[in-house]
Structure formats: structure tokens, C-alpha cells
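Colleague: Each chain, letter by letter, is given below.
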Amino acid sequence: MSRLNINKTYKLYIGGKFPRTESSRYYPITNTKGDLIANMCLASRKDFRNAVVIARKVQESWVSTSALNKGQILYRIAEMLEGRKEQFIEELILQGVQKKAAQIEVSTSIDRLVYYAGWSDKYQQFFSSVNPVNSAHFNFTNLEPTGVVSIIAPENQGLLGLISVIAPAIVGGNTVIVLASQNISLSAISFSEVLNSSDVPGGVVNILTGKREELISHFASHMDVNAIIYCGTDQKDLKTVSELASNNVKRTIFYKKNDWLNSSNESPYFIEKTQEAKTTWHPVKI
Amino acid sequence: MAKKNKYFKASWSYDPAPESTDHIQLQKKYDLYIDGKFIKPENGKYFETINPTNDEIIAKVALAEKEDVDKAVKAARNAFKSWSKIEPKERGKYIYRIARLIQERSREFAVIESLDGGKPIRESRDIDIPLAANHFFYYAGWADKLEYAFPNRNPKPLGVTGQIIPWNFPLLMAAWKLAPALATGNTVVLKPAETTPLTALKLAEIIRDTGLPKGVVNIITGAGKTGANIVNHPDIDKISFTGSTAVGKYIQKTVAGTHKKITLELGGKSANIIFEDAAIDQAVEGIIDAIFFNQGHVCCAGSRLFIQESVADTVIQKLKDRMETLIVGDPLDKNTDIGAINSKRQLIIIENYIKIGLNEGGEIFQTDCKLPSKGNWCAPTLFLNLSQSHTIVQEEIFGPVLAIQTFRTIQEVIEKANNTPYGLAAGVWTQNGAKLFHLSQKLKAGVIWGNTFNKFDATSPFGGYKESGFGREGGLHGLKPYVKFE
Numbered sequence: 013m014s015r016l017n018i019n020k021t022y023k024l025y026i027g028g029k030f031p032r033t034e035s036s037r038y039y040p041i042t043n044t045k046g047d048l049i050a051n052m053c054l055a056s057r058k059d060f061r062n063a064v065v066i067a068r069k070v071q072e073s074w075v076s077t078s079a080l081n082k083g084q085i086l087y088r089i090a091e092m093l094e095g096r097k098e099q100f101i102e103e104l105i106l107q108g109v110q111k112k113a114a115q116i117e118v119s120t121s122i123d124r125l126v127y128y129a130g131w132s133d134k135y136q137q138f139f140s141s142v143n144p145v146n147s148a149h150f151n152f153t154n155l156e157p158t159g160v161v162s163i164i165a166p167e168n169q170g171l172l173g174l175i176s177v178i179a180p181a182i183v184g185g186n187t188v189i190v191l192a193s194q195n196i197s198l199s200a201i202s203f204s205e206v207l208n209s210s211d212v213p214g215g216v217v218n219i220l221t222g223k224r225e226e227l228i229s230h231f232a233s234h235m236d237v238n239a240i241i242y243c244g245t246d247q248k249d250l251k252t253v254s255e256l257a258s259n260n261v262k263r264t265i266f267y268k269k270n271d272w273l274n275s276s277n278e279s280p281y282f283i284e285k286t287q288e289a290k291t292t293w294h295p296v297k298i
Numbered sequence: 004m005a006k007k008n009k010y011f012k013a014s015w016s017y018d019p020a021p022e023s024t025d026h027i028q029l030q031k032k033y034d035l036y037i038d039g040k041f042i043k044p045e046n047g048k049y050f051e052t053i054n055p056t057n058d059e060i061i062a063k064v065a066l067a068e069k070e071d072v073d074k075a076v077k078a079a080r081n082a083f084k085s086w087s088k089i090e091p092k093e094r095g096k097y098i099y100r101i102a103r104l105i106q107e108r109s110r111e112f113a114v115i116e117s118l119d120g121g122k123p124i125r126e127s128r129d130i131d132i133p134l135a136a137n138h139f140f141y142y143a144g145w146a147d148k149l150e151y152a153f154p155n156r157n158p159k160p161l162g163v164t165g166q167i168i169p170w171n172f173p174l175l176m177a178a179w180k181l182a183p184a185l186a187t188g189n190t191v192v193l194k195p196a197e198t199t200p201l202t203a204l205k206l207a208e209i210i211r212d213t214g215l216p217k218g219v220v221n222i223i224t225g226a227g228k229t230g231a232n233i234v235n236h237p238d239i240d241k242i243s244f245t246g247s248t249a250v251g252k253y254i255q256k257t258v259a260g261t262h263k264k265i266t267l268e269l270g271g272k273s274a275n276i277i278f279e280d281a282a283i284d285q286a287v288e289g290i291i292d293a294i295f296f297n298q299g300h301v302c303c304a305g306s307r308l309f310i311q312e313s314v315a316d317t318v319i320q321k322l323k324d325r326m327e328t329l330i331v332g333d334p335l336d337k338n339t340d341i342g343a344i345n346s347k348r349q350l351i352i353i354e355n356y357i358k359i360g361l362n363e364g365g366e367i368f369q370t371d372c373k374l375p376s377k378g379n380w381c382a383p384t385l386f387l388n389l390s391q392s393h394t395i396v397q398e399e400i401f402g403p404v405l406a407i408q409t410f411r412t413i414q415e416v417i418e419k420a421n422n423t424p425y426g427l428a429a430g431v432w433t434q435n436g437a438k439l440f441h442l443s444q445k446l447k448a449g450v451i452w453g454n455t456f457n458k459f460d461a462t463s464p465f466g467g468y469k470e471s472g473f474g475r476e477g478g479l480h481g482l483k484p485y486v487k488f489e
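Chains as they are written, first to last, in our numbering: chain A, 13 to 298; chain B, 4 to 489.
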């Protein structure tokens, strides 16, 4: 006897919850034959702003979570993803990715999470310094997260691209609001289910689906966002992001690459991009 | 000018101790330093640089316009070809030479800095000039060690850098920008501020004397328009700017969509926090350093003072008493604590903020010092009775005006201190180690001074969070804004 499948409703991921877009709008995702796979939420400016409020609130406690703990949480995400590997491969195939490529993308995604989990309690030692000042002071420089980061995720590699930009930002203590790949958006929302079951506090990662052209100016101009990561090569987008970022001297990080597969796409320098150097002085003479 | 008060009972007066100006060499007129030579500006226009203590003209200085900027960028582009390729060891040696020549002529530089900008000779002699020399000395050593600063990353210079610097630390800011740019193999077009161009032009003489290949450093003078021409020049690869947040935002917006990289060191409204368990007398000295150093013309000045309620009355009384002893006057006098306000324009801005402070209900205290009749002066000023919403608590004044608030709890002061778009620096005064580190972690600022304030060093990265800019100057971290990776 044939059984009718239960199709998943894909929603947004904000503050550890899965709300529908407040705008009640949608856009359809279809398979290669043109059949409907899902109606994705067409997130609005208001959804984004709600996510920023939550991301800001959570950032304070996320930054205070110990490096060991953050590393374990990232490792936990990898564990959860490993357990649901087949689902993610199938979902990528459903969205038009070849089987072999889908398998590689999912396993690389898992490994990338493990990679950054490992950096959690190490990058600080790598980028910090004790500065031998010419006076009787102890002086050191260490990194702190920039704060709340908005991310326009890579349009290609809906899962690997997403993870490659989220992982280094959150392992460094930032909280993020991500606009997922528009066309490969199922993986992003399924990934948020993984996040939700991985001890990642709600609001550390917020994932929206929708249209770049609608949301990019809000991602770049919001006054309570400290940095924006933009993945893509569109000249007009790049200019818009830089211009609007100047409203609050937002840091801009541009990744113009198309392929996130090889190991040059992982390094502590990706973490450093959303960090600030803080220098502390104290007298040593008594 | 005898001063009597509760804490400083001595009532002697100081005899004048002026630094002599005999040994300094100043021309009546300065041209643009482009491609290794001093050349006249294309349009033949000059502007005056004024002594802020007496409104007298010190010298005329060339006004660089678009054609001159073009010329300077061309020279820098040309020079880049060979400068980026010479032996890094040799590159370093030129920079060491600059450091040495500044040290040799330090007295002359200190006097000119004080003449042109109005800062006390004690500060230009003991802080500005030695730190500038140290900065060149520090980065000179990096030139042939960059592969250790960026292991396995193959750092390369960016190309031609446009550097626009402010008037509060003219030579020091030139050093902060030039030294790392040169050490990493970039060439430079540098523009000092229009009110304080002289030490940069004297530095051009030094650079000429070092035999640095022509075109590697070009120093051109002018005001905002000249700066805009640098920012907009299509053949510049990098803009480093120190100045106001408003101009910083303009630059970030202007270079949008181009290949230009930027570093911004912008404004601040730094918190200085005094806890009840602080060493109070040291903290009072710290408050003085934080806000009255360099007439308060300091981007990281501790212009918002937070005192824990239980010690507020004591601290404020001691602070007022200490302020009464500050000597305001001739910058060239070695006894002077507070010199002249850098320009008429800045004085008007400061006076306007004082008016706003009064209009909004602030309670003012100014010391009872006699100000000279000519020139630009502002008595050390503090305001009480303020809250977070007061304009003088929120906006950068860039003068000797302190906004004081009190607090009860740690959480409260952290929230108040961070409640600003700026994030340049902060000071914390307490004898409790855990409290100090707790605060230093929670305060969103690029520099934290624990039981000290306004300290700077070539090895120490400096720069802001949030709207105080991005990129660091000083130390290993200060190399990064000037390199790219393959």
C-alpha cells in the first residue's frame, strides 16, 4: 500500500524558534522538473530586525561562554549533522545537486564544523600578543568578537557555503543573522534544525530565507549590526553594502569565491575577520 | 599666580621657563614635497599657518589642488615599482635613518610642534617627538621580518597609500601612518592637517636627507578639499585616515565599490571609571591626564568620567583642587600644563558645547586661571549634574571639558560606559584585580587603561570598536592594514 509522504513546512529560524515570516509571503522552490518542493518564507525587513534584537541580546552571554564550551557546542553541531547526513545529501540532490557532489558537500560541511570547533580555544593564542612597551606597564592585546554580524551567505553550496561563513563567526563569539542561499534554501533551514538540537543557544544563529535584492540594504544599514559578510561578486551589491555600512562604520567582509570545498577555505583568518583587537595596559611599578 | 586650597597648601608662583626658539629653522614659505623635491603648487596658491597663542602667521604653506595630488600619486606609483622590490633589509635601514634623524633634531621638532599646534612643550618634548622616533625605529625592524608576522601567507604591499592625518598629534600621527606603510613596502602620499602642517614638512626635509628613493614619500598640504582629492584619486590603493567620525563615514562611503582599502581612526567619548576602592589620589591624577592632556584634543580622551557614588564628593573636590593648580598659558613655557586651543575654529566648537552644557542644565566648574588676551584659550572645565541624555555626555567635544556622572553598581557603570556609538578607549580605577579584569572584558573599546590613562607606545596596538573606526596602529597588529595576501 502506498503511503502519502509528510512534507515539511520550511520556516525561518529566529531566536531558537521556527516562526513563519511576519509578512506571510513566500516563494516557491521547485525541482528540476518544475514540481513544487516547498514554499519558502520570503523574509521581510521586520523579520530581520526582530532577529537583530535577539542576536544582540544573546551575544553578551555567548561571548562569555568559555572557549572550551563553545568548541564543544560546535563539535556537537558536527555530531548532529553526521547523524543526519543522508537526509542532507538527499535534500541537496532534491535541489539539483549531483549525488557525488552532494555527498562531498555534506561530509566537508561536517569536517569544517569540527575544524572550527578545534580552533575555539586556540585562535586567541595565535592572534594575541604581549607588547613590550617602553614604560613600566604590562600591556597585552587579545581578540574580542565584533558583536552582531549580518551575513549574506554564498548562493552556491547552500549547506557548505553557509557553514563556512557561520562557523568562524560564531566560534569567535559573534551572533549572526544569515540570509540563506535563495535557491538552495532547504538545506539552510534543515541545518537550523540541527543547530536547534546542538546546544547552540537560541539567537546565536538566526537564518532567514528570502530575496537578496529585498534584504541586502537592511543587512548593510542596520545601526545595531557591527559587521556584514557578503558572499558574491555582484558589483552593484558590493557598492551598496559598502555605502550603507558607512552609516555606523560597519566592518565589511567580502568573499568573492564560488567554491568553498577545498581546504584553503578554512583557516583561523576567517575567524579573525570578525574580531576586534583590544589592548589592555596596567602599571607594574609599585 | 599663587593658588591656595585645601590639598595644595604651597603658594609659590613659578617663574617663566620658556624654551628658546633660537635654534629652530623655519622658512617663511613651504612648498609641496613631491618626488623627492620641494615644488611649487600648480596654481601658485598658499595658505597661512597660524600660531594659536597670538594669531600671528608662522609661515605660508602651499595649497595642493587636484593637479598636485595627481602629481604626487604619479610619483608614488612610479616609486612603488622599485620600492616594493628592494631588499627588505635595505628598506628597513632607510626607516631606521628617519628614526635617528628625528632623534637628532628632536628639540627643534618639539618647539615647532608647540609653536604650530599650541601644545605644551613638555608634552611635545617628552611624548610626541620621542614616540614618533620610536615608531619609526620599531617598524624599521619589521621590514625584513614580515614572513614572521604573517607566517605562510606571503604578505605583499598594497601599493600607493593616501594618508590623511589630524592636527592634535601632527608628527606622531605622521609617524603612525608612515612607518608601517614603508616597512611593508608601500609608497605614500601624506597630507597633514591644515592648521599644523609644519612638522610634517620638516619631516619631509628629514626624509630627503635620508636619501629615501624619490617618490616613496610625498607630503602635500591643504585642507579638506585636498584630502577629498586624495580619497577620490583612482590610482590610490589604500586610505588611512585619522580624524572625525563624520569624515570617516564620508570616506567609507566614498570608496564604496572601488578597490581601495581603508583604515579609520575616528572619534571617541571614552569612559573613565573610578571605583570606591581605587587609590583616589592616583585616580585624580589619572582623571587630569585623561581629559586635560593636550588640551583634551585627544581622540581617546577620558571625557566621560564615572565616579562611584560613595566617593563622588571626595573625588570631585580633589579634582577641582587639582585643576586649580593647572597652569594654562604659553605652550613654550616648561611649566605649562595646558597650552592653546589648536585653532579659532576648534575654540568656537568647544565654547559652543560649553553653552549647550549650560543650557541643558549642567553645573559648570571652571578654574580660576587668567587666560592670555590674544590667541585661543579655554580654562579647564568640568560639568556636573549630567545624565546620559545630555549632549555633552554623548558628543565628542575635543577640548578640556569633562562630563561627570556617578554610578552605584558595576552593572550600571558598564551599561552607561558602553552606551555610546564610540568605542575607542576606557579607563578603570580600582585596587581590586577581579573587578578590573571584569570591566576590561566588558567595556567595548579598543584600548583599556587599568589604573592609568592616555599611554601610547610603538609596540602597542591602538584603534577602536564601533564608530571609532577599524584597523589598528602600532605593534604587530598595525602591520596588517598595509599588506595583502596572495
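If you are wondering where the hints come from, they were derived from the structure by calculation, not from laboratory data.
Treat the hints with care, since some could be wrong.
Unchecked claim - From the structure, some residues in chain B lie toward chain A, with a derived Cβ separation under 10 Å:
| no. | residue |
| --- | --- |
| 1 | Ser-23 |
| 2 | Cys-372 |
| 3 | Pro-375 |
| 4 | Phe-440 |
| 5 | Ile-451 |
| 6 | Lys-469 |
| 7 | His-480 |
Even glycine gets a Cβ: it sits at the ideal position worked out from N, Cα and C.
Colleague: Could you work out which earlier hints the structure fails to respect and list their numbers in ascending sequence?
Modeller: 1, 2 and 3
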